[in-house]
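Novice: Sequence:
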Amino acid sequence: MASWTHESSSGEDTLWLKDLLPHRIPNARVMTFSYMATIIGNASVGGIRDNARALLGLLTDEREDNEDRKRPIVFLGHSLGGIIIKQTSWTSLALYLTAGQALRIANNEANFSDIARCTKGILFFGTPHRGATAAKWLSLVTDIAATAYDKPRSAFVDVLEPNSQDLMDVSEDFRSIATRYALITFVEQDIFDNIGSVIVEKHSAVMELAHEEVMMLSGNHLSLCKFTAGDKRFDAVCRRIKRAARGPQCQGNFDQVGEFHGSFDGRDFRLSTR
96 MASWTHESSS
106 GEDTLWLKDL
116 LPHRIPNARV
126 MTFSYMATII
136 GNASVGGIRD
146 NARALLGLLT
156 DEREDNEDRK
166 RPIVFLGHSL
176 GGIIIKQTSW
186 TSLALYLTAG
196 QALRIANNEA
206 NFSDIARCTK
216 GILFFGTPHR
226 GATAAKWLSL
236 VTDIAATAYD
246 KPRSAFVDVL
256 EPNSQDLMDV
266 SEDFRSIATR
276 YALITFVEQD
286 IFDNIGSVIV
296 EKHSAVMELA
306 HEEVMMLSGN
316 HLSLCKFTAG
326 DKRFDAVCRR
336 IKRAARGPQC
346 QGNFDQVGEF
356 HGSFDGRDFR
366 LSTR
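Letter by letter, the sequence shown follows residues 96 to 369 in this note's numbering.
What the hints contain is simulated information worked out from the structure, not anything from laboratory work.
Idealized CB from N, CA, C, for every residue including glycine.
Incorrect hints may appear among the rest.
[What the hints assert, rightly or not] Using C-beta positions, here's what the derived DEER-type ranges look like:
{"no.": "1", "residue 1": "His-306", "residue 2": "Arg-119", "range": "21 to 27 Å"}
{"no.": "2", "residue 1": "Lys-327", "residue 2": "Ile-290", "range": "23 to 29 Å"}
{"no.": "3", "residue 1": "Asp-163", "residue 2": "Gly-325", "range": "43 to 49 Å"}
{"no.": "4", "residue 1": "Cys-213", "residue 2": "Ser-105", "range": "38 to 44 Å"}
{"no.": "5", "residue 1": "Met-263", "residue 2": "Arg-164", "range": "38 to 44 Å"}
{"no.": "6", "residue 1": "Leu-153", "residue 2": "Glu-303", "range": "43 to 49 Å"}
{"no.": "7", "residue 1": "Asn-161", "residue 2": "Ala-97", "range": "34 to 40 Å"}
{"no.": "8", "residue 1": "Ser-292", "residue 2": "Ser-259", "range": "15 to 21 Å"}
{"no.": "9", "residue 1": "Gly-106", "residue 2": "Lys-297", "range": "34 to 40 Å"}
{"no.": "10", "residue 1": "His-306", "residue 2": "Cys-213", "range": "17 to 23 Å"}
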């Protein structure tokens, strides 16, 4: 959960999804899904669609009760997590609407229809819809020892190259259903020191959809969604989570707020609940 945790020198770290959000939205059920996203030394062959399918399966398991299946869903995704959510949304909605189309992904996953129907909105934090160069992703590794070069470079680096076919396919699929969701995009404002620029440029972070709300947040790619109590960025995000839970209802706009910085980490598959 490093992508969402503000690390304090006092040792009192803040995972805002657990420590702050429940106080602001008491009736929210917060779940997290982590995936293998290390840039070097990642031998995982699981791609975007594999991660999306894993997320769908685990989320379905957590929503087995009849009442759970009626709860609205708002997805939050940082970086590649946003791409996985887009694929997840397309997979579940395609299964819900047109079983024929869904057969090219799976022919026996109609149980995902509840997720498709209940998803109301998505918040994207620094998601590279159009990719970024390999050099930028590799620059996230600030402590590359000589032995790191003996380890495999993650396939995610290639998937995230500008205008890669994988990204184009996911984006094309998602655009066909995007109007069904409230879409809120947060764009990183601060440069990443290793390269002297942002990791995900605005033109890549923004989908350019009519109903998409775009907000600039101060912070670099690693600190974009790390908040503490009293952070104005957290206030802005909470307001938009509540708004997204009501579904699509407004045209996009442009704003900016906040500040901060942080660190990078990759994780295995995991769905945890509060």
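Novice: Could you run down the list of hints and mark each one as holding or not?
Specialist: For each hint, the structure was consulted:
1. His-306 with Arg-119: 21 to 27 Å: holds, 24 Å
2. Lys-327 with Ile-290: 23 to 29 Å: holds, 27 Å
3. Asp-163 with Gly-325: 43 to 49 Å: violated, 33 Å
4. Cys-213 with Ser-105: 38 to 44 Å: holds, 40 Å
5. Met-263 with Arg-164: 38 to 44 Å: violated, 33 Å
6. Leu-153 with Glu-303: 43 to 49 Å: violated, 31 Å
7. Asn-161 with Ala-97: 34 to 40 Å: Since Asn-161 and Ala-97 have Cβ atoms about 35 Å apart, the given range 34 to 40 Å holds.
8. Ser-292 with Ser-259: 15 to 21 Å: Check passed, 20 Å falls within 15 to 21 Å.
9. Gly-106 with Lys-297: 34 to 40 Å: holds, 35 Å
10. His-306 with Cys-213: 17 to 23 Å: holds, 19 Å
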